[in-house]
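Colleague: Keeping their order, the protein sequence lines are chains A and B. If you count the first sequence from 1, position 461 lands on 477 in my numbering, and the numbers rise without skipping. If you count the second sequence from 1, position 129 lands on 152 in my numbering, and the numbers rise without skipping.
Accuracy of the hints is not assured; some may be wrong.
Cβ-Cβ distance ranges computed for the label pairs, FRET-style [to be verified]:
hint : chain 1 : residue 1 : chain 2 : residue 2 : range
1    : B       : G214      : A       : P111      : 50 to 60 Å
2    : B       : G108      : A       : R75       : 40 to 50 Å
3    : A       : E215      : B       : G214      : 43 to 53 Å
List time: in silico DSSO-like cross-link candidates among lysine-lysine, alpha-carbon distance up to 30 Å [claimed, not checked]:
hint : chain 1 : residue 1 : chain 2 : residue 2
4    : B       : K160      : B       : K77
5    : A       : K104      : A       : K486
6    : A       : K457      : A       : K138
7    : A       : K216      : A       : K202
8    : B       : K58       : A       : K234
9    : B       : K154      : A       : K500
10   : A       : K344      : A       : K457
11   : A       : K500      : B       : K160
12   : A       : K344      : B       : K160
13   : A       : K461      : A       : K202
14   : A       : K435      : A       : K461
15   : A       : K500      : B       : K197
16   : A       : K216      : A       : K104
17   : A       : K216      : A       : K84
18   : A       : K234      : B       : K160
19   : A       : K461      : A       : K481
20   : A       : K202      : A       : K234
21   : A       : K435      : A       : K104
The set of hints was computed from the structure by calculation and includes no laboratory data. Note that beta-carbon positions come from the ideal geometry of N, C-alpha and C, so glycine has one too.
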Amino acid sequence: MRTNYRINSGVRFHMFSQDQLEELFLGVLHVLEYTGLDVHHEESRDILEKSGAWVDGLRVRLPSYMVKRALEMAPRSFTLFARDGNPKHDIHIGPGRAHFGPGPTCPNFIDVETLERRPYVKSDVPIVAKVVDALPNIDFCESLGTVSDVHPDLGALYEFAGMFPNTSKPIVAWSYDEYDSAAIHKIAVAEAGGQDAFEKCPNYVHYCEPLSPLVSTKEALDKLVFAARHRVPLVFTPCPIAGGTAPVTAAGMIIQGTAESWMGLTIAQTIQPGLPFIMGGVFSVMDMSSMILAYGAPELSLMMAGVTELAHYAGLPLWQTGGCTDSKTFDAQAMIEGSLSCFFSALTGGDLCHDVGYTESAMTGSVFQLAAMDEAIAYSRRITRGIEVNEDTLAVDVIHNVGPNGHYLKQQHTRRYYKTEFWYPNLHDRRNYEEWADMGKMTMKDRTIARVHDILATHQPSPIKPETEKVIQEVLEAAEDRVKQEA
Amino acid sequence: MSRIYERLSTCVIEGDSEKAPRLVQNALDQGEAPKDVLDNGLVVGMGEVGARFKRGDMFVPEVLMSADAMQAGLEVLRPLLTATGVEMVGKIVLGTVKGDLHDIGKNLVGMMCEGAGFEVINLGFNVDPEKFIEAIKEQQPNIVGMSALLTTTMRAMWHTIRAIEEAGLREQVKIMVGGAPVDAAFAERIGADGYGSNAPAAVDLAKQLVGAA
Numbered sequence: 017m018r019t020n021y022r023i024n025s026g027v028r029f030h031m032f033s034q035d036q037l038e039e040l041f042l043g044v045l046h047v048l049e050y051t052g053l054d055v056h057h058e059e060s061r062d063i064l065e066k067s068g069a070w071v072d073g074l075r076v077r078l079p080s081y082m083v084k085r086a087l088e089m090a091p092r093s094f095t096l097f098a099r100d101g102n103p104k105h106d107i108h109i110g111p112g113r114a115h116f117g118p119g120p121t122c123p124n125f126i127d128v129e130t131l132e133r134r135p136y137v138k139s140d141v142p143i144v145a146k147v148v149d150a151l152p153n154i155d156f157c158e159s160l161g162t163v164s165d166v167h168p169d170l171g172a173l174y175e176f177a178g179m180f181p182n183t184s185k186p187i188v189a190w191s192y193d194e195y196d197s198a199a200i201h202k203i204a205v206a207e208a209g210g211q212d213a214f215e216k217c218p219n220y221v222h223y224c225e226p227l228s229p230l231v232s233t234k235e236a237l238d239k240l241v242f243a244a245r246h247r248v249p250l251v252f253t254p255c256p257i258a259g260g261t262a263p264v265t266a267a268g269m270i271i272q273g274t275a276e277s278w279m280g281l282t283i284a285q286t287i288q289p290g291l292p293f294i295m296g297g298v299f300s301v302m303d304m305s306s307m308i309l310a311y312g313a314p315e316l317s318l319m320m321a322g323v324t325e326l327a328h329y330a331g332l333p334l335w336q337t338g339g340c341t342d343s344k345t346f347d348a349q350a351m352i353e354g355s356l357s358c359f360f361s362a363l364t365g366g367d368l369c370h371d372v373g374y375t376e377s378a379m380t381g382s383v384f385q386l387a388a389m390d391e392a393i394a395y396s397r398r399i400t401r402g403i404e405v406n407e408d409t410l411a412v413d414v415i416h417n418v419g420p421n422g423h424y425l426k427q428q429h430t431r432r433y434y435k436t437e438f439w440y441p442n443l444h445d446r447r448n449y450e451e452w453a454d455m456g457k458m459t460m461k462d463r464t465i466a467r468v469h470d471i472l473a474t475h476q477p478s479p480i481k482p483e484t485e486k487v488i489q490e491v492l493e494a495a496e497d498r499v500k501q502e503a
Numbered sequence: 024m025s026r027i028y029e030r031l032s033t034c035v036i037e038g039d040s041e042k043a044p045r046l047v048q049n050a051l052d053q054g055e056a057p058k059d060v061l062d063n064g065l066v067v068g069m070g071e072v073g074a075r076f077k078r079g080d081m082f083v084p085e086v087l088m089s090a091d092a093m094q095a096g097l098e099v100l101r102p103l104l105t106a107t108g109v110e111m112v113g114k115i116v117l118g119t120v121k122g123d124l125h126d127i128g129k130n131l132v133g134m135m136c137e138g139a140g141f142e143v144i145n146l147g148f149n150v151d152p153e154k155f156i157e158a159i160k161e162q163q164p165n166i167v168g169m170s171a172l173l174t175t176t177m178r179a180m181w182h183t184i185r186a187i188e189e190a191g192l193r194e195q196v197k198i199m200v201g202g203a204p205v206d207a208a209f210a211e212r213i214g215a216d217g218y219g220s221n222a223p224a225a226v227d228l229a230k231q232l233v234g235a236a
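Just chain A, same shape as in the assembly:
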């Protein structure tokens, strides 16, 4: 065997040259050093000032060595753990690994029975979590909605309380404020078996958002500081809108959004060196007619690819975006936009790709979009796995043995490889016409709906510990009491 012959050459996509990446990287450092961000959080300003930042009122500017130090402290590779110890549900974040999951906070939901759009309610949360738990290519859980039928301050907490028992896949939890963060953490820690055990095997990720352009809000930093102190892995994800809240050019947008995320990185690493930190976010264009942030735009995939490369260049994992659409329904547009962004995201190896299952530009969550994208992700993963080239796969001897006019069906070589070389669809149809017609001429949409209904009827997620059940009840009661007292 030749030296250096066996390499894993998965299909990957690269857009920027090293020179371009360096220019982008230095652009981010320049913005943080010369422009800075408004940081609406006194404690964070103090923390940053003590470690070398220049603070002037709300404005915080970071000398580049601080940012570089923070980048050095943040790990590129770490594991998010399944709450039940199921290794198949662990997520190993590291180079070349793309993972997928839904997004948070859509106001509406496609009802799983009526298929109509309506406000997202509490009883939708377990449905989403169960579907996530069952779909083999969905790796982490978010709720796909903001619960509308509880007290408006408690939506995030009810989401986590509804997701946690219904999937053992790691959850990415967003919250309104530090009260939510503390309550969510209590639940997760109860299941993990204490703070120490949680720190060794974190079972959820905390999600916060800075504000574009160049603002760190009080709420976001309250949450970030809480997560850092309790060593909860952190997603810090801006949502800049090109031409609206960020430069119209993709390169400028990447620089600004990254600067927003790295202010959070620097605060987090100063508080908790080595905290797993996943850089954000959602980078897309403002549709200049409808003023919406376009979730199905080609620029989204392009900019996300750019920001993924920059994150990896800087040694950070990225919170990718894909599987989402501007379409209002399960149609061809939804499939084109969702599938292409999943595929592109997989090509970049962006570490956690979220918003799978978003429709109507993030206004409506859909488990049907999610289930269809599970298929698109599986398809993409087969491609990014690439072609293995070695003596055995080259099959020169097999070709020789079969020779002209033979067939390969009975070859041991075929039996050895046909299950791993080929991808087997779950939802896509490859039957001949007669069979397809006999089976009711079902469309992709019909099959997706049937699959979701089947999951909901049969899938049993592994249960949480009885003591965690109790903690969830206590936490919800305490939160209800708090909002009652505030009123």
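Given chain A's structure and the hints, the job is docking chain B onto it.
Modeller: Only chain B this time, still in chain A's reference frame:
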């Protein structure tokens, strides 16, 4: 005198902020009444901008330039309108709700409402419920407009409406809401009087709410 009005409305449509004040001054110099210059020049121009935007013939950056041109013209007219005690279409207090620091959409609504002849008091962004209440007491507006861009800050609209109710002021104002994550169902759920899906729609709604549509 329709020629000067035509030039003025065209100037608004083209978004020429330098020319607008000059044309307004020309009209006034020719003896036109300030209210007529507003209604027949600036408002007509912005009305056309709104219509073109709705049709997809104009894009947001162009609309903003037009709104700026209208504002520049209005600067010249405003003292005269105040001095002569001209009735405006209505008065709107506008703000982005607490916790939300987004300004663009709400400002666009404000400018387009001014373009439609409303007096607009812009409270800015991250506006506490108390500040809305104070402004209602002081300014006595017909309409309170609230905006939020984030799904996380939408609920502050609910908080603000509750606070206005508790202050006993809900009956004296109409409340309209807007922003990317907001829709008509949400507006209804939180007890608002209406929802505008974009800036021109907000203008139409404001007109309806004061009975001027």
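Colleague: Compare the structure with each hint and give your call.
Modeller: The hints, checked one at a time:
| no. | hint | result |
| --- | --- | --- |
| 1 | B:G214 with A:P111: 50 to 60 Å | holds (51 Å) |
| 2 | B:G108 with A:R75: 40 to 50 Å | holds (44 Å) |
| 3 | A:E215 with B:G214: 43 to 53 Å | holds (45 Å) |
| 4 | B:K160 with B:K77 | violated (35 Å) |
| 5 | A:K104 with A:K486 | holds (27 Å) |
| 6 | A:K457 with A:K138 | violated (35 Å) |
| 7 | A:K216 with A:K202 | holds (16 Å) |
| 8 | B:K58 with A:K234 | violated (45 Å) |
| 9 | B:K154 with A:K500 | holds (23 Å) |
| 10 | A:K344 with A:K457 | holds (24 Å) |
| 11 | A:K500 with B:K160 | holds (28 Å) |
| 12 | A:K344 with B:K160 | violated (42 Å) |
| 13 | A:K461 with A:K202 | violated (40 Å) |
| 14 | A:K435 with A:K461 | holds (27 Å) |
| 15 | A:K500 with B:K197 | holds (28 Å) |
| 16 | A:K216 with A:K104 | holds (18 Å) |
| 17 | A:K216 with A:K84 | holds (26 Å) |
| 18 | A:K234 with B:K160 | holds (29 Å) |
| 19 | A:K461 with A:K481 | violated (37 Å) |
| 20 | A:K202 with A:K234 | holds (22 Å) |
| 21 | A:K435 with A:K104 | holds (19 Å) |
Hints 4, 6, 8, 12, 13, 19 from the earlier list are contradicted by this structure; the remaining hints agree with it.
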